[in-house]
Each structure stands twice: as C-alpha cells, then as structure tokens.
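Enquirer: Single-letter residue listing:
Protein chains: 2
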Amino acid sequence: MFDNLPTTGFLRHVRACNRHDLSGFRAFSIEGVTVGQVRTGFMERLLTLGLPFLPDAGGITLHPGLDGPQARTRAVASALERLVADGVIPRLRGEMYGVTAGWGQPLLMEMDRAAVPFFGVTAYGLHVNGFVRRPEGLHLWVGKRAMDRGVAPGQYDNLVAGGQPAGLSLPENLVKEAWEEAGLPAEMALTAVPVGTVTYLMEQEKGLKPDVLFLYDLELPADFIPRNTDGEVERFELWPIAKVAASVRDSDDWKFNVNLTVIDFLIRHGWLTPDHPEYLDLCRGLRR
Amino acid sequence: MFDNLPTTGFLRHVRACNRHDLSGFRAFSIEGVTVGQVRTGFMERLLTLGLPFLPDAGGITLHPGLDGPQARTRAVASALERLVADGVIPRLRGEMYGVTAGWGQPLLMEMDRAAVPFFGVTAYGLHVNGFVRRPEGLHLWVGKRAMDRGVAPGQYDNLVAGGQPAGLSLPENLVKEAWEEAGLPAEMALTAVPVGTVTYLMEQEKGLKPDVLFLYDLELPADFIPRNTDGEVERFELWPIAKVAASVRDSDDWKFNVNLTVIDFLIRHGWLTPDHPEYLDLCRGLRR
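Which chain is which? The protein sequence lines are A and B, in order. Read left to right, the first sequence gives residues 1 to 288 (the numbering used here). Read left to right, the second sequence gives residues 1 to 288 (the numbering used here).
Read the hints as simulated data drawn from the structure, not as lab findings. Careful, some of the hints might be misleading.
Intra- or inter-copy, both count: the list cannot distinguish identical chains.
Only pairs whose alpha carbons sit at most 25 Å apart, straight line, appear in this in silico SDA-like list of lysine to any residue [what the hints assert, rightly or not]:
no., residue 1, residue 2
1, K176, T34
2, K206, F224
3, K243, V195
4, K209, D275
5, K144, E44
6, K176, H63
7, K209, P55
8, K209, R284
9, K209, R288
10, K176, T273
11, K206, R113
12, K176, R288
13, K209, R134
Given the sequences, and given the hints that come with them, work out the whole structure.
Expert: Right, here's the structure in full:
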C-alpha cells in the first residue's frame, strides 16, 4: 500500500503506524459531527444498503430520524449483519465500542469492534507496561500472543493490553483485562500509574485506525509471575530492558502498536536518551 | 496579538505556547536548508543591510560565498551589532546558540541567543523537575526567578532550566546549569533521568519561538536544599504536588513554558489522569 520502510531502527515503527492517505476517504458523521472516515468504496457500498445511511455534503451520515444512541446502534448493527453476510466485513466480535465526538464526550452510538476501522472511528485502548526493578536493572514483562489470535498471532505484547469497550470506565477495564490477560488481582492492577498516551493514525486494508492508547506503568514485585486466564497469551517472559529495546529496534516481532508503547516506556525511563539520532522525532511521533 | 484565553485550566498554557500565525513570516535558509522563519518586516530590514543577507525564493538567505560556520557566524554577528545599535533588536547576550538543520545535525552557524527568536531559529533547552518522595506524597522544588531577570521576572521555574549553548553537550550543560542555578554537585546532577521533550511553536512580538525542551526528572534526597549561585533565582521552595498543580491550573505565576514542563510531569507521574477532560488534548499538545 505504501513504499517500504527500513528494517531496523525505532522510528520506522512510528512511521508504520502513521502511514495513511486520506484522499481516498470521506467523512462519517452523526448529527453534523464527524466521528469517523470511510473509504469511498465502502461508503458507496453502505449507500446501496439504504437506511440508516444517507449521503451528505462531507460523505455519509445516519438518518436524522434515528433518535438517540440506542436507535442508532440498533440500526447500524442490523446493517452490519448484512455486510457480514455479504462478506464485506469479517464476523462481528460481540464487543461494543463507543462512538463519540471525542474522549469523555456523550455517547452517540455503539458499534461492534470489528466494524470500527471500516468506519474510521477512534478506538481507545489501554496498555500496561509491567516492569520489575532488579539490582542489575529494569526488566519488562513481555507477553507472547497466542497463535490463534486474529490480530498479530505469535507477536510480542505488553503485560496487559485491551480495547476500551463501551460502558466500562478505564479503571474497570484495567482491572478486567489485568485479570483476564495476566492473572493480576484487582488491588495489584489498580497500582498501575497512568503515564500518558500514544496516538497514531494508521491506514489498513479495512480502513482507518485513529487509535488512542492510554498508557500505564505497573511496577511488580520480583516474585510475581503473571498467568494468562483467557487463552489470548501463550506465555510471559521477563526480559532485561536492553533485550526489549534491541528486539523492538531490530525485529518485527512485536504487535505493530506495542512497538510504540514500548518506545514510550524506553523514553520515559531514560533508556532512550537525547543523543539517539531519532530521539526528537520519536518524542514527537508518539503523539499526533 | 491573539484572542483571549481562559484564565484557568491546564490546556490554556499549551495553547498560549502554540499561538502563531505564520502568514506574516518568510523562510530563513542557509545553503538551501530552511533553518528559521522571519517576520516580513524584519526580513526587509535585514535586506536593507545588504550582505550577508540576500533575498531568495522562500524569503531570505545568507550569501553563498560565506564558506562554513565560522564565516557565517562572523558576518551575521557583525550585522546584529548594527541592528542593536539601531534599536531593532535588544542588546546581545554573549551566549551563542547553534543553528542546524535539526537536532544532532552539523552546525551551520552560531547566533547570539538574543537574536534567535527574531530569526525563528529552533532553540533547545533543558528543564529539570527536581522532586522529593515524602511519606505524604510527591513534592516538587520550585524556583522563584529573580525580579531583575529579562524574561519572566518573579515567576516560578523548574529547579534547573537553561538554554542549550553551542559547543556543550546536553549532559555538560546539565551539570553547568545545575550548579549555577541550584548548587547541585555534578554527581547529583548526573542522576537526572531524561524523560522526553516538550515542543511548541510560539509567536512573540520579536518573532517566532519553535522551542525544544529536553526534560529530566531528578529525585532528590529529603535533606537536600538547593542553593542558587548565579543570582538568577530569588529563592527555592518545596511544594506538595497538589499545590503545584493548583497553581499552574489557576494562576499565571509560572514562566510560560514551565507550565508545560510541569504539566508533563503531572501526567507522567499519574497526578493528571485520563478522567480529566483535558487529558488527551494535553498529552497531544505537549508535542508538536
């Protein structure tokens, strides 16, 4: 879809997560507010379905007669089922994401997670860098994703990471994901410290991912061993920070966006320093 | 120069540091590389001086016959003296900043610090948040700037902060500034951890400030008392983090860009959390 990127270095991961060409997209709006962006081809497919979709000046919108979040959610869900049946989008996940005008804004509708990138709607997630301070230096817990995962099978991941479903607060989701993914008791999960965000805009075959990742640092006791409970992680390993950094820099073994959350960790903990030639571009590139 | 900003909140400080209208600026370039931006009025004044300044397609450049950094530095310094004599720019500071195509790139010339914003050249600096972990919570050392300072007299500042002069490495400048501003011995200063950058683009009466601040966190022992040695700081106070946050949020008592370095500290240390309505805009706004 785009020109090739170099095969080593940190910055290439930032660039990979920000490759996009918006010229092939039109706005998806609700009640006059742009909430996403759709490929023109997908937009035309939606318009052949008819209601609830209507063309508007910027692209596509929902019928204004749909009164409120529940009515919009139901009408779109029904259309999504037809798109799945027609093979336009993959099967739904049964996990609903919120569609809003921005983080903390009122819910406009909910949409199945599988459809979110097709509509270019902002997806929120949380990523926890679980680390241990050992006498010989900082160590990071690394999860190897199960081989049967739809996204990034077998690739390395943070100790805990997950999309933000509608109807849960971030701390609630943190506790849930920390238990499911790493067997962390709630009281331990809630010691995770929010430390900022990574944001990027990535074009994929299916559409557009304007993602927001809320980052947490979680310092773990030396004797704690994470244990996956939901089958999403094959195994956990505790890596010295230098091994983590070299792996991110020199391989493509990590889930695409986890490269960014790890680079942010390396910067905030002083492992990546201003004398690195990519430092300033990395600091800037992790936010958009 | 611009519309008014609200008088409370964190985000107004980010916006204040990023207010600019580039339509009144033209490029300042060296050997075909844009290294700054000058107001059209200032550019015209420079062109009346003649050499070393020449008009080019994008705005203004230096005579290509000036061979190398030393020749450019000398020729521009001579022109600056005339501008000072004519009252166009304030008196020079005697502290030289490097002009490059980017951080870590080869030096193209040096320019007196006082002239840098007139040429819209990127200025680099370092800011150290000096903090103490007390049983009752995080505390931050706050410096009150001397009343005779040219910039931000009497306002609050980081424990250590300073512009990055040409010819010093960042660690060298850290050691120098830490001693001059806060009486920190070198071995203590060098325990400061680089934790990222704050970058902004601010238009001022004199021109444009596309500034890059390298941030350091320095955890200090509970019994260390900073002591200013160069007269730039009137006094230091150790504030609980909640007092720091409230002061930044509700007052204009802090030097304009120190608001941003403190907000970054509040985010990285989990004091400002994702449930704050400005959180995402703050995370994004601290880099550009």
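Enquirer: Which hints from the list above does the structure break, by number from lowest to highest?
Expert: Numbers 1, 2, 5, 6, 12 and 13, in rising order.
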